[in-house]
Amino acid sequence: MKWWKYLTIGLLLYTAVMGLLGHVPRLAILNETERNLYFHVPMWFGMTILLLVSVVNSIRYLREPSLRLDTLAHESAKTGIMLGVLGLLTGSLWARYTWGTWWTTDVKLNCAAVTMLIYAAYLVLRGAVQDEQQRARLSAIYNIFAFAAAIPLLFIMPRMASASLHPGMGGNPGFSKYDLDSAMRLVFYPAVIGWTLLGVWITELACRFAFLKEKVYEKQEKQLA
Amino acid sequence: MKNKKNNWLSRASALLLPLLLLAGRALAQATTTAADQPEMADALRASGKIYVVVLVIVIILSGLLVYLVRLDRKVSQLEREVEGR
Numbered sequence: 000m001k002w003w004k005y006l007t008i009g010l011l012l013y014t015a016v017m018g019l020l021g022h023v024p025r026l027a028i029l030n031e032t033e034r035n036l037y038f039h040v041p042m043w044f045g046m047t048i049l050l051l052v053s054v055v056n057s058i059r060y061l062r063e064p065s066l067r068l069d070t071l072a073h074e075s076a077k078t079g080i081m082l083g084v085l086g087l088l089t090g091s092l093w094a095r096y097t098w099g100t101w102w103t104t105d106v107k108l109n110c111a112a113v114t115m116l117i118y119a120a121y122l123v124l125r126g127a128v129q130d131e132q133q134r135a136r137l138s139a140i141y142n143i144f145a146f147a148a149a150i151p152l153l154f155i156m157p158r159m160a161s162a163s164l165h166p167g168m169g170g171n172p173g174f175s176k177y178d179l180d181s182a183m184r185l186v187f188y189p190a191v192i193g194w195t196l197l198g199v200w201i202t203e204l205a206c207r208f209a210f211l212k213e214k215v216y217e218k219q220e221k222q223l224a
Numbered sequence: 000m001k002n003k004k005n006n007w008l009s010r011a012s013a014l015l016l017p018l019l020l021l022a023g024r025a026l027a028q029a030t031t032t033a034a035d036q037p038e039m040a041d042a043l044r045a046s047g048k049i050y051v052v053v054l055v056i057v058i059i060l061s062g063l064l065v066y067l068v069r070l071d072r073k074v075s076q077l078e079r080e081v082e083g084r
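First to last, the protein sequences are chains A and B.
Start counting the first sequence at 0; every next residue gets the next number (numbering that gives the first Met the number 0).
Start counting the second sequence at 0; every next residue gets the next number (numbering that gives the first Met the number 0).
Just so you know, these hints were derived from the structure itself, not from any lab.
Here the structure is a predicted model, which means the values were calculated and not measured.
All residues carry an ideal CB built from backbone N, CA and C; glycine is no exception.
Watch out, some of these pointers could steer you wrong.
As the list claims (entries may be wrong) - Under 8 Å between C-beta atoms, here's a sample of chain B residues computed to sit facing chain A:
{"no.": "1", "residue": "Arg10"}
{"no.": "2", "residue": "Gln36"}
{"no.": "3", "residue": "Glu38"}
{"no.": "4", "residue": "Ala42"}
{"no.": "5", "residue": "Val51"}
{"no.": "6", "residue": "Val52"}
{"no.": "7", "residue": "Val53"}
{"no.": "8", "residue": "Ile56"}
{"no.": "9", "residue": "Leu60"}
{"no.": "10", "residue": "Leu67"}
{"no.": "11", "residue": "Leu70"}
{"no.": "12", "residue": "Val74"}
{"no.": "13", "residue": "Leu77"}
{"no.": "14", "residue": "Glu78"}
{"no.": "15", "residue": "Val81"}
Sequences are here, hints too, so could you generate the full structure?
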């Protein structure tokens with residue numbers, strides 16, 4: 000097993016322990032739910048990084064088509080989408096107990112939801128095409144569109160909006176740097192790295208499994224022929 | 000085979016020791032309370048029941064991570080078999 004997987008395990012256990020026991024500032028409304036920062040926000044970091052990996056592999060596929068690159072793009076998109084859905088669900092739950100509602104027409108919430116719908120369509124598109132090469136090419140092109148739509152939706156639209164309940168107004172759309180005190184930083188940064196690495200790890204395993212499956216099928220075909 | 004197990008154990012303890020030390024420091028920090036400030040789960044911390052929650056989460060997370068590690072090893076083994084390495 001590679002070294003970064005041990006790092007993932009260490010960082011996640013550290014996040015779980017220090018996320019609950021570490022010091023957080025006393026804030027009204029948020030109270031102890033502030034600790035969600037160590038779990039909800041890293042989902043979006045992980046999602047963005049995995050979707051970036053996915054679109055890079057899609058572009059590489061279009062330059063030089065291979066089944067391997069298609070698998071890399073598909074699996075990283077799937078893990079990224081999973082992290083995004085977890086981010087939406089946890090965000091909605093958190094909103095219920097701090098803003099008093101599961102969902103509100105906030106620019107950040109709606110844009111994040113639209114992003115997830117655009118990526119859900121990526122999976123639908125893949126499922127709809129039977130021919131392997133056609134599916135790979137079509138979904139690679141769609142993936143570029145999806146990423147090109149996701150970045151403005153997640154990082155530009157919120158900055159143009161005049162009001163939002165979500166933290167981080169006028170700066171980073173995810174959170175304000177003033178939300179973090181030095182003790183929280185010591186947990187938050189390891190949490191972001193740990194959860195992102197977990198997403199990368201799951202993606203790596205899924206890809207290796209897909210490559211293996213392909214190899215076994217190839218061998219079987221050779222034996223039959 | 001035995002060597003492999005020892006290696007695994009030493010790695011696990013190397014991971015767990017710093018965590019325990021950190022938990023000890025957090026215990027020392029958690030004793031401050033304030034009446035006028037926003038309400039926090041001070042009673043949960045004072046009674047020590049927060050450690051039950053921490054342990055439950057650590058156990059579940061460890062279980063899931065062990066599962067992932069075992070899956071990783073199985074895939075590695077299968078790769079060696081299929082690729083004849």
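Quick rundown of the hints versus the structure:
no. : hint  : verdict
1   : Arg10 : holds (7 Å)
2   : Gln36 : holds (4 Å)
3   : Glu38 : holds (6 Å)
4   : Ala42 : violated (11 Å)
5   : Val51 : violated (11 Å)
6   : Val52 : holds (6 Å)
7   : Val53 : holds (5 Å)
8   : Ile56 : holds (5 Å)
9   : Leu60 : holds (5 Å)
10  : Leu67 : holds (7 Å)
11  : Leu70 : holds (6 Å)
12  : Val74 : holds (5 Å)
13  : Leu77 : holds (6 Å)
14  : Glu78 : holds (6 Å)
15  : Val81 : holds (5 Å)
Of the hints listed earlier, those the structure fails to meet are numbers 4 and 5, in rising order.
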